[in-house]
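Novice: Residues per chain are reported as follows:
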Amino acid sequence: MIVSKENSPLVKSRKTKSELKEKKDSGGEEEKEERTWAERSEEIPIDSATDDEAWPIFSISRRPGRLQRLHLLAAWIELQEAFLSALVSDNGDVMEEEIRGPVETGGSTSTFNTARISRKGSFKIDRTLRELGSGLSDILGDEGVANTSDGDGSSNDGGGDLSEGDQSESEEFAQGVEESDSSEDEVAPRNTIGDVPFEWYKDEEHIGYNISGKKLKKKERQDKLDSFLASADDPNGWRKVMDEPNDEVVQLTKQEVKMICKVLKGKAPHKDFDPYSPYIDWFKMDAKHPLSSAPEPKRRFVLSKWENEKVVKLVRAIRKGLIKFDKPKEKPGVYDLWGDDSSSMEKAGHGLAYIPAPKPKLPGHEESYNPSLEYIPTQEEINSYQLLFEEDRPKFIPKQVVIHLHLLRFTSLRSVPAYENYVKESFERCLDLYMCPRARKKRINIDPESLKPKLPSRKDLKPYPTICYLEYRGHTGPVMSISTESSGQWIASGSSDGTVRIWEVETGRCLRVWELGEPVHHVSWNPSSDIPILAVSAGLDVFLLNAGLEDEERKMINKLLHIETSMAPDDTGKISSIVSWDQDDNHGGIRLKHFKTVSSVEWHRKGDYFSTVMPSDILSLCIMWLSEEPKSKGRFSFLSPISTLFCIHILSLTCLLRESRAILIHQLSKKSTQRIPFKLHGLPVSSAFHPTRSVFFVSTKKNVRVYDLLKQKLIKKLETGAREVSSIAIHPGGDNVIVGTREGKMCWFDMDLSSQPYRILKCHSKDINSVAFHRSYPLFASCSDDSTAYIFHGMVYSDLNQNPLVVPLEILRGHASSNGRGVMDCKFHPRQPWLFTAGADSVIKLFCH
Amino acid sequence: FSASSLSSEAQKRGVGQRNSYSSVFYGDVDMDEDVEGNSRLVYVRFVTKLDDPFKVPDTQLGLPSNITRLGLSTVVNNVLQSGPSFYSARLLPFDVLRVPVIDFRRDNWRHEPFDFLINGELVRMSLEEFLLAKGISAEKVLEIEYIKAVAPRKQEEPSFHDDWVSAVDGSNPGFILTGCYDALGRVWKAAGLYVENDTGALVATASKDKTLRLWMFDAEESRGDPTKIRAYKTLRGHNASVQSIAAQPSGDMVCSGSWDCRINLWQTKESDAGASVSIKKRKKGSHDGESQSEGEPVSTLVGHTQCVSSVVWPQHGTIYSASWDHSIRRWDAETGNESLNTCCSDSSSSLDPIDSAVLIFCGKVINCIDIGGESSALIAAGGSDPILRIWDPRKPGSSAPIFQFSSHASWISACKWHKDSWFHLLSASYDGKIMLWDLRTAWPLAVIDSHEDKVLCADWWKGDSVISGGVDSKLCISSEISVK
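Sequences listed follow chains Z and L, in order.
Just so we're aligned, residue 1 is where the first sequence starts under my numbering, counting upward by one.
Just so we're aligned, residue 1 is where the second sequence starts under my numbering, counting upward by one.
For reference, chain Z alone in the conformation it holds in the complex:
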């Protein structure tokens, strides 16, 4: 108990100066002190049953030798019990005397409460712990066991020093105990006799006095035998203990019994007590609460002398090079030759990536020399392998030996012949290793669907032409060009058989035919509905024909197509050499004689102006000349080389002029012709008028030039990037242009965006012959020599932030190819989502929605 107070925080605060002093001075006497503590712990194997304080009583049990002594103590208790039991049988009083006698041992004078133990319900043992201590020493002394006598001796030695301190300690402690008792025990002690020995009342009839000073009578004592019998009858009798000062029998509770048992066993009485709790050093210098508030002394952070010496030594060693800092390199270790390649693949860090050689398949059961029956193929299976592809065939077919006409497996490895494919397979393996790819192929896993642009569904973009219901038959040669009348009731077509026809759209009725005699290149309806005039380019001429749809009464067309012969020379002036306006009575129209083949005729939207393009292709012209020559001048055929030279000469002359004369603009009302005042770079292919403004498009072979006719200057040059442009079409809005090229590409230009194509649509496998925009529906089409026409959805938004939407919709087939030419021209119906296509197979088809 005394010892434990050092560990107890409660006691600590009450430490006296003397104690501190003692502690400080303890340096040399440590051993001694320990000894005394050890003794005390022997003396006080316990504690107080009344005293419930959970003080760690045995916290010093860590000290060496203590456990041993406790065992001794327990042994002694057992001995004593045996002794007592013997005594009791003789005389209870003797025992009582013995037990009760207060004995002083060592220097400790503190009184201990009595512990009452009843064991096996037969004895009442009442004794003080101090008796235990003395008894122990007696017994030990008697038996001469252990060297505790030394301890005793030493305690006696040091007794002089410690007696005072100990005494004062114990006194204080007693106070503390009383205080804690009063605080914890709610029932006040009913001791009526005061602090006097029991012997004093031994022979009295009373024991103590009550509050008013009257004697309290002793209760009637049962004699030992009675009480023994009573307790034998009572199942709880063994728990009952006589409380002498209060003169009553107390029944111990279960906890109390347990506690007593624990004490008897030499353990801490309280079960929660941890005898091995870590030691807390309350007196360290750097503890939270330093004992001294003095500043840190300098010596704490100044190197000591020997440390200094050591540093100097190290420095010298480093300077001499005895200590090296860089670590020695590790030798390349062994590697796993047979390890899995996958690990070595991970190893490959930088430089050339290591690609493991492909692994051959490990042999399986079927390759055993003596495989199980199920691995052996039957003859049918072997035959069926022959039908498989080389790759699918199993590589190895178990072999069998034929012995006495029986198919047998090899009975032993010895009988297995040499593998006939060994050399071949080794070679192939080497080849595999040699030929295996040495570059790592980066494979990107992208869903191809995700790369497709998000386009609206075709269903949502209806209507568009899909099916052909009507055909217009009548031409005998390839239909080169078609043109729709502005109302959509009629179409005109020109064919290389030299005819121009007008068809009724609804029924397919051919209304009118003109025989022009020369292959027709281009036909074009006047876009004005009031002036049903056809412009037809055939050979070197351009005809303006009256379609005959006008009222007979109104002779406007006739007037328009009438040329006063007197006027003609005046008008033409110097251009007369290029174009001459003549009345053509055969066909009821005007004939404009050009000096070269006119490839296309385009009307201005108002129907007064029209432009003609003479591409003046040298080669084609030559071929034309040459092809015509033998017919016309058959007998001079020997002159053909000369005439060829001649025509080339002429052509070279015209080529000089072509820049100014290749494209002409004619005015119908004035019957006049003018050149465009721009210099063309390249061969002109086709031309077009802007649908709303006075802008003129000329496409040369490489690019498209956009001119402003009023300001007479070049606005823009659209770079197609194509080898040869074949056709051009202007969106009715005027800001978008599509260009068809000879290599099957179609370029969509958004003139607001750039001069580069906004979209290039590569759809046709052969030349695109014509492209067309629909006047009102967001549709455009292209037709090509591969006998197909493509329909696209081409939506142009009025919102400038939105780019045009181009969606391919439909491939229209049906035309037959003729002489390598397919669909020569395509035109949309002006009001319906229908497409007319003119084929080289001399048929015009109408595709409806």
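Don't read these hints as lab results, they were simulated from the structure.
There could be a bad hint or two in this list.
Computed list of chain L residues with no C-beta within reach of chain Z, every gap over 12 Å [claimed, not checked]:
id	residue
1	L41
2	L132
3	K134
4	P173
5	A377
6	K395
7	Q404
8	E480
9	S482
Partial pick of chain L residues on the chain Z-facing surface, computed with a CB cut under 7 Å [stated by the list, open to error]:
id	residue
10	W259
11	Q306
12	V365
13	S384
14	S410
15	W411
We put the CB at the ideal spot given by N, CA and C, even for glycine.
Fit chain L to the supplied structure of chain Z, relying on the hints for placement.
Specialist: Coordinates of chain L only, in the frame set by chain Z:
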């Protein structure tokens, strides 16, 4: 002998017959078992609205369920052929049965094809499939109504024209009017007979020369030689070729639809002509000779945005028009008249746009339209696709057609309701076929395949014939069609 032949006939068709009073079997018992082994029997009773020679007695017959229309027709014919004796013999004992049958038998019975209606729908597959498809119980006695099959039984000799036949009209039972691409209108008395004149009639023609002409000829004179007559009146007012023409039922007025997107109303009243017949005709080329009296439109209906391809004037005050702008419009001709009255001087007063309502927006170009069917209210129209559509404008929100017939292969050039039937109509198509339709089935009743090229026009004539003209310059008449 004949009874046995009948039984052999029944055997061939697999017909087991039984009535409700006693079991009468035509044929051997084992044969009957065969039939029952093959398929289930369905008990039917035939009813009809036809008159006596085509009435069968009210008996129950057990027919194999896989019997088709042809089989049904044969059964009915056989029953009819056996004559009224069948009815009387029903009560006779089995042995006596065969004898009296011979006596009352109609020996000169002509086989008549029939069509069969179950719950108002024409049977077009085997009876079993039909019942399954329609969810009709085969347990009950089926009541099958039969009508005469609507199909041409006779193909008249075609009448050749000089050019494509662009228009036919059969509204007058006395004669047929045709228009032709050779700029002539022709009046035909009957197939093969080319007669210019007939009973006093007023004929209006429309032409691609942007005019309408009124013609009158005397019906009494009948000469053997074709004669030429002149139009007594030319109506000018259109700016483009006139595509269609329709006459008011009373004959007082004519309306015409043209490529200039307008519908003009014209007065024909000056003359006191009796019957007025209109004909659509496309004509081109010069019209020689002196000009006759000229007329101007009394009213113009503006609203269409493209060629007015077809006009019909079924009732006094209502005009329906179809156009290439994909719409069908209904015009109130009465308000047109009123507005005409209020501003008499203005000859070309146009109707308010309110008066016209877009009835139907089709999405396809419409070439032909006709009003008819149930209480003359259904609109049939065909156009630039092979589907003949029928709308019911009385239905609220009737944007979708109530019927679609799509057996044609190309554009539909003409469609006409039968005048007296609620169910029958014909359609002509560029695929060279004329089809007869019944609203009660989705299959064509009959396909007339007499033309070799596009059929441009077709009409009913005299209620039992179909007249048609086409690119092959023929006027074909398919007659003896028994529509009720």
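Novice: All the hints need checking, so say for each whether the structure fits it.
Specialist: Okay, the hints, checked on the actual structure:
Every Cβ of chain Z is farther than 12 Å from the Cβ of L41(L); the closest lies at roughly 47 Å, confirming the non-interface assignment. Every CB of chain Z lies more than 12 Å from the CB of L132(L), the least distance being 33 Å, so the non-interface label holds. Distance to chain Z confirms K134(L) as a non-interface residue, since its nearest Cβ pair spans about 32 Å, more than 12 Å. Every CB of chain Z lies more than 12 Å from the CB of P173(L), the least distance being 28 Å, so the non-interface label holds.
Taking the minimum C-beta to C-beta distance to chain Z, about 28 Å, the non-interface status of A377(L) holds against the 12 Å cut. With a least beta-carbon separation of about 25 Å from chain Z, K395(L) lies farther than 12 Å from that chain, consistent with its non-interface assignment. Residue-level check passed: Q404(L) sits 17 Å from the nearest beta carbon of chain Z, beyond 12 Å. Every CB of chain Z lies more than 12 Å from the CB of E480(L), the least distance being 30 Å, so the non-interface label holds.
With a closest Cβ-Cβ approach of about 32 Å to chain Z, S482(L) is found to remain outside the 12 Å limit, as its non-interface label requires. Contact between W259(L) and chain Z, as hinted, is supported at the beta carbon level, the nearest pair being about 5 Å apart and thus within 7 Å. About 6 Å separates the beta-carbon of Q306(L) from the nearest beta-carbon of chain Z, less than 7 Å, and the hint is met. Because the beta carbon of V365(L) sits about 6 Å from the nearest beta carbon in chain Z, less than 7 Å, this interface hint is met.
Residue-level restraint check for S384(L) holds (minimum Cβ-Cβ distance to chain Z is 5 Å; threshold 7 Å). Because the smallest distance between the Cβ of S410(L) and any Cβ of chain Z comes to about 5 Å, under 7 Å, the interface hint for this residue holds. A distance limit of 7 Å between C-beta atoms decides the matter here; for W411(L) the minimum to chain Z is near 5 Å, and the interface restraint holds.
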